[in-house]
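**Q** The listed protein sequences correspond, in order, to chains S and X. Here the first sequence stands for residues 302 to 709, numbered as in our numbering. Here the second sequence stands for residues 2 to 242, numbered as in our numbering.
Hints may contain errors.
[Stated by the list, open to error] Each computed DSSO-like pair below joins lysine-lysine, with the alpha-carbon atoms no more than 30 angstroms apart:
1. K226/X with K526/S
2. K226/X with K161/X
3. K526/S with K329/S
4. K206/X with K221/X
5. K90/X with K320/S
6. K320/S with K115/X
7. K449/S with K439/S
8. K125/X with K320/S
9. K121/X with K329/S
Just so you know, the hints here were simulated from the structure itself, not pulled from any lab data.
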Amino acid sequence: MHKKTDANRNRSRTFIVAKFEFLRQIKKPAFWAATLLIPIFLVGMFLIGFFSERGDLSGDVTPDTDTSIAITDEAGILPADAQFVIDGDREQGIEMVKNHEIDLYFYIPADFASTNRIESYHIVEGLDIFNTDKNIIKGILTQYAIQKIDPVDVTILTGSFEVADNQLTANGELSNALGEAIIPLIFLVTFFVLICLFGNRFLLSVVEEKENRISEMVLTSVSAKHLIVGKIIAMLSLGLVQILTLVLPIVIILFIYRDNEIVTSIFSMIEIDPASIILSFVFFIFSVLIFAGLCMFIGAITPTARDASQYVAPVIIGIFCPLYFVQSFLAAEPSFLTEFFTFFPLSAPFSLMLRSALGTLSLPEAIIGLVELGTLAISSIWLTVRTFERNAINFEIVKPKFLWKKIF
Amino acid sequence: MENVVTVQNFRMDFGPKTVIKDLSFDVKKGEIFGLLGSNGSGKTTTIRALLGFYTPTSGKLLIDGKPYNPEGSNITVGYLPEERGLYRKETVLDNLIYFGELKCLPNPREWALKYLQRVKLLDKANEKLERLSGGQQQKVQLGITIMNHPKLLILDEPTKGFDPMNRQLLMGIIDELHREGTAVILITHYMDEVEKLCDRAILLKDGVAHAYGTISEIRKQFNGKSLEQIFVKVYGEDDYA
Chain S
302 MHKKTDANRN RSRTFIVAKF EFLRQIKKPA FWAATLLIPI FLVGMFLIGF FSERGDLSGD
362 VTPDTDTSIA ITDEAGILPA DAQFVIDGDR EQGIEMVKNH EIDLYFYIPA DFASTNRIES
422 YHIVEGLDIF NTDKNIIKGI LTQYAIQKID PVDVTILTGS FEVADNQLTA NGELSNALGE
482 AIIPLIFLVT FFVLICLFGN RFLLSVVEEK ENRISEMVLT SVSAKHLIVG KIIAMLSLGL
542 VQILTLVLPI VIILFIYRDN EIVTSIFSMI EIDPASIILS FVFFIFSVLI FAGLCMFIGA
602 ITPTARDASQ YVAPVIIGIF CPLYFVQSFL AAEPSFLTEF FTFFPLSAPF SLMLRSALGT
662 LSLPEAIIGL VELGTLAISS IWLTVRTFER NAINFEIVKP KFLWKKIF
Chain X
2 MENVVTVQNF RMDFGPKTVI KDLSFDVKKG EIFGLLGSNG SGKTTTIRAL LGFYTPTSGK
62 LLIDGKPYNP EGSNITVGYL PEERGLYRKE TVLDNLIYFG ELKCLPNPRE WALKYLQRVK
122 LLDKANEKLE RLSGGQQQKV QLGITIMNHP KLLILDEPTK GFDPMNRQLL MGIIDELHRE
182 GTAVILITHY MDEVEKLCDR AILLKDGVAH AYGTISEIRK QFNGKSLEQI FVKVYGEDDY
242 A
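Given only the sequences and the hints, what does the whole structure look like? Please build it.
**A** Written out as structure tokens, the structure reads:
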């Protein structure tokens, strides 16, 4: 009964730390600035892409009806009765622009076929760096050019046809490797985003206690274990908030365009393989814990945030170094390099998640990987707790020899 | 009388340097105990080893009969360290509530507001700690130290940086807790405080006890001299010559 009360009290201490750390971060404007920056950037990029696509005149886009246009076609590309074509010569056309009779004038010279050159004239006020004249005449000429060609040839030339890609496995069965990889790859991307957003935060969450000389006050109130675990829970919860904030606009966009051809084709392609998803999820959880443990360990051995930050970069590079050799991961047969990255402690999280997504991980490799990542996750957190406990009131960088003695 | 703190044959080495040599003393329930010595004599090291921040090279350091564990101790401990700091970017109230929750207070907010009223900081409750003066921050830290009605209170140079008014307030709080049966370990350089408050004391120099016992026993040992004179005698001959 007494033991049960102690266990409850300790669980509650972990929760108290987690709640405190979570709330103090989430109340900071800097957290929301960092959180919203990426979705705003993504939405911005989407809108720019969307509108620039709409403005592209490579197809049947016609010029603005408010713009009055005239064309002199000495090359005879356009039919005589075509819209905008005038009888007048180049000088007359330029004169019309000068007299504000028209907004835009194009002159297609007789030698267009050899020079590929068209002249355009319009009056500008200030600097016109976003000139769309080329797109307008391109749109007009394309419309007439398409009418002269066989529709099949148009389809071929514009590439507006589909290729139904039927990939077969070695056994001759229909393969959907990409569809199977999508969900596991989401875990890999989430891991990448978490590391980019949270490396420093994990670090600072431990360094702060030392830098502000809070360690002694805190560690006489709560054990290092509950403090560190509480902080990890808080940081992961904050990560979840950031990921959701990031994912929400994507979900909304996908929902709005749920009938879009590309969106429906992506959804129809996704294949749910529960075993692969569970494996990737467990790899993801272990990987996040390893990363959290390592960052916090760095925080525990260094006295200030400035000292600590110089050690984080090598860890991040170590975790993502397989990315530079991603080509070798795409091969069906694993090379020595991929095997090395798969089991080297620092590169194992990324490599195992990637290979699990690509379906190139054999069952024994998956089991060894799980055991390795699980052991590394527990060890890194244990090491952080132990180091923080023993080194919490050391306010200078400890030599590795002394640190080893302190911890063990 | 029952021991709250037991230190037996404590030795502490930092690499090749021995900081504490075979130190033994105890602190009894309800007494005020002075831990005295100049800077670097080993006072803070002893307290840090007692609270588990340092692993002793040899010897035993026990609180209520066992090594200290903040979550498994039978008695409540309050510690005001020499190196002081709190969450500077958080409000005074948030700091107090957080530690109150960690120390399992039934109603941390209520306690925090009462305490702030007592130390005349109620108007600063929602201010960030970093905006308070050094003395005001120390009052907040003192509140955190005593909030769980500790049975053992360890104060490492508690009056450092306090003006006379705040010193008076602190002495009042120590006296109040003492009357409630709290054992107090007081680390201070002010010998008048020790003579006025402490029942017993130990005087350390280079990690070795040079005097230990009740204040009157120590004075008797040194021919009735005051503690300040004893301090000067122990240290003065070689260190302050």
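**Q** Which numbered conditions among the earlier hints are violated in the structure presented, ordered from lowest to highest?
**A** Those not satisfied come down to hint 1.
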